[in-house]
Amino acid sequence: MSVATAPAPSVVPSAALSSNLSADMLPVLRERGQREVFCGLTGIVWLHRKVQDAFFLVVGSRTCAHLLQSAAGVMVFAEPRFATAIIEERDLAGLADANEELDRVVRRLLARRPEIKLLFLVGSCPSEVIKLDLSRAAVRLNAGLGGDVRVLNYSGSGIETTFTQGEDACLAALVPVMPASDVSQLLIVGALPDIVEDQFRRLFAELGIARVASLPPRRAKDLASVGPGTRFLLAQPFLGDTAHALEERGAVHLPAMFPFGAEGTTAWLHAAAEAFGIDEMHFRSVVAPGRERAKRAIARHAERLAGKSIFFMPDSQLEVPLARFLSNELGMELVEVGTPYLHRSHLAADLAALPAGTQLSEGQDVERQLDRVRAARPDLTVCGLGLANPLEREGLSTKWSIELVFSPVHGFEQAGDLAELFARPLVRRDRLAV
Amino acid sequence: MQLTVWTYEGPPHVGAMRVATGMTGLHYVLHAPQGDTYADLLFTMIERRGARPPVTYTTFQARDLGKDTAELFQSAARDAYARFQPQAMIVGASCTAELIQDDPAGLAQTMGLPCPVIALDLPSYSHKENWGAAETFYQIVRQLADRTRVAAPRDGRRPTANLLGPTALGFRHRDDIVEVTKLLAGLGIDVRMTAPLGAAPADITGIGEADFNVLMYPETGDQAARWLEKTFGQKFTRTVPIGVGATREFIAEAARLAGVDVPADPDSGRMPWWSRSVDSNYLTGKRVFVFGDATHAIAAARVARDELGFEVVGLGCYNREFARDIRAAAALYGVEPLITDDYLAVEEAIAAANCELVLGTQMERHIAKRLRLPCAVISAPVHVQDFPARHSPQMGFEGANVIFDTWVHPLVMGLEEHLLTMFRDDFEFSDAAGPSHLGHGAAPATTTQELPEAAMRPDVAAAVSPAPADPEGWLPDAERELMKIPFFVRNKARRNTERYASEKGVRSISVETLYEAKAHYAR
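Chains Z and P supply the protein sequences, listed in that same order. Per the working numbering, the very first residue in the first sequence carries number 1; after that it's consecutive. Per the working numbering, the very first residue in the second sequence carries number 1001; after that it's consecutive.
So here's chain Z without its partners, still in its complex pose (with noise of 0.2 angstroms):
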């Protein structure tokens, strides 16, 4: 297909995104100093629901088994399917073989669930900084265990990643061993809700692109395949492994924005549709309703949120394309928009869509931004939810970073749900007369 002109006014073709030029324009600021973010091992608090047979066996201390029970949310009833093998005095100090030790504990562990077909062996700073080599783990364990089970191994450290980098990592780990072959068909990467993974895969179906496939899958048996036939949308900002892995097995990169709202969702799929040779009449009737019914959901709430002030401290690396679908759709105002990471690459439709002069920051020193915080008094604040309530507490409007990455967020279905927890707390302060 050759290069399209813009069905509408507000999809930017893809085709348009050679020069990261405007993006580039944006000032960044970069700070180091004490990040108040979460390590890469809290992918696995939704990874583990959508891989339904998958272990993730966490090695570490018991910080981090402490840090996953509070990242769930505290307590869940039933037992998990992520468990951590708590690394104790006698193993670092050579009285027990750690590696004899991690094994007895993989095979009680899959006595007990027999029903996991696929265990992650997930490495934590205590793991990495005394060198416990999980990959040579991860394959002397498949080699024993007959092929019932697959082992594999990514970081979740704290030192080597950020939040939503351990979903990054854990792709990353399963792109290796997903079979190869040249079939053209369409991957979508990144840990969708079933619910909204099923939304796209009717999109692309009536669009007429017939093979679709997810990463990760939702049974490790049904792994999709990988080969120059394969074109990939990232759903989430925070894969630069995994696309690079993906791109190492010659799959292509379909650049997009990200489908949050409207025009993120309509722009995203249009990428699909582009390199598919979608007819573009076509393409506009089949993401006509879904586009229309996202901008009556939306509009609801641009009342309420528009010419707001938005302040987004960094966490997930869904701040950018967030504040795109917050300025241009909702009409709010970016104070600022940190994250933890800048991929500028797989970030350019957005970063271009972004009002000129937005404030970027990477990195984070939590008490100067906290002091920018209080200087500007934005009308909300996206932040963790160890700064939510001491913020609250000084007349400060949050959102909670978490519940964006953990609720289904994405499509035209879910862009008025999306705007509504932004408004939410908006709401919330002026119903409450207390």
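Just so you know, nobody snuck in bad clues.
Below are the DSSO-like pairs computed for lysine-lysine, each with C-alpha atoms no more than 27 angstroms apart in a straight line:
| no. | chain 1 | residue 1 | chain 2 | residue 2 |
| --- | --- | --- | --- | --- |
| 1 | P | Lys1518 | P | Lys1504 |
| 2 | P | Lys1067 | Z | Lys131 |
| 3 | Z | Lys50 | P | Lys1369 |
| 4 | P | Lys1504 | P | Lys1286 |
| 5 | P | Lys1484 | P | Lys1369 |
| 6 | P | Lys1504 | P | Lys1492 |
Hints are computed from structural coordinates only; laboratory data are not their basis.
Let chain Z serve as the given structure and place chain P on it in line with the hints.
What follows is chain P alone, placed relative to chain Z:
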């Protein structure tokens, strides 16, 4: 390595945070990797604190490891002092920083910071949260207490006491302080300070000036109390005033230490009469399983048996440091002590105990939910629900009132039990209605929805309903008879009958077996 699903205690530096966050004017510089800041949310979300914990984390990353993490620590400490101007600082390492051996203690000492700096050595790979809190409090007291400031001669002045042990994120510490202060006031004793909760480093310097100490929570205050006794000759109370009996003993003990008269007949609140009232008859001999931190578990067992007339069928704690106390208490009740921090072992023990009420932590609340048993929470680890808006102490006579309500509420009330039996054939009285006071609706259905994973686990499934002795299992007549038993005791009847059948080698369960089992287990 220890395979862990849920943990009762965090690492020791979280204990240090509970001390630092409880105090004022103190700042904690923690050498820790990015991500360890998660611990802030325990305080801001669970306890709903309106301020961040006074903790600066160095949050080093991989790229810092090749360079100078020691310099990172020093600049973090310098910045923290400049910004917060604390009266004193505590410094230490989390589990990962412990491995890279930067020695925060030594680094901080050489910096010449203009405030006392207390170095903490909290080994993360062998110790846990409560120990970390106790050690931190002890170090603060040991290094800040001014040994020249001792109690003034009495000369007719009122006696004074320090309350030791309450921390941030403690189970009902906020309200227990109020009750203990009230009890002491009734004896004419003034509280000189409460520490760590609410104390500043400047207050701690004068900790030796009180006549004696009240050790509220041995888990966090025992070490400091012993040191204060050795150094200042301050005696301390050893009775933890949870329950009516323990509160009366505490009053006597405090009066003795203060050198005042023990009041003849203190007003003991409503609990004793509520328990003697005939509507409480149905509580007699209810089988309870008790698990928590040692102090709360031991106190709960005593209240359960002596003040509510329950039968204690299980007693345990997760903190090994107090294993000896739990063993001694378990001997009193003739039960095997359960000392473990393995959540799955506790679940097995509860399932096997055939109990009617679980008194435990938030972990046991979930176990009890899974096993469809009533439960009340008596101990940390805490949950947002353990910070009620209303005054809700565990200690003192008001604490006993609260305990009566909290423990009895989850049980089906005695009168309701009779009515259910009387009207069980009434068409409007269907099983699906559930106990009215719990508002559960169709409880069995929600259980299966909540617990898809538990259902898949062979071990738990087996623990919940032991397999009958024989594939024949229940004969149709027996099954019909079982359905006539009120639903809230039906599971127990089923379990007992199946256990009886399996013990006796009965291959198929008849109506006869059902009643044989009922007679066998009748108490």
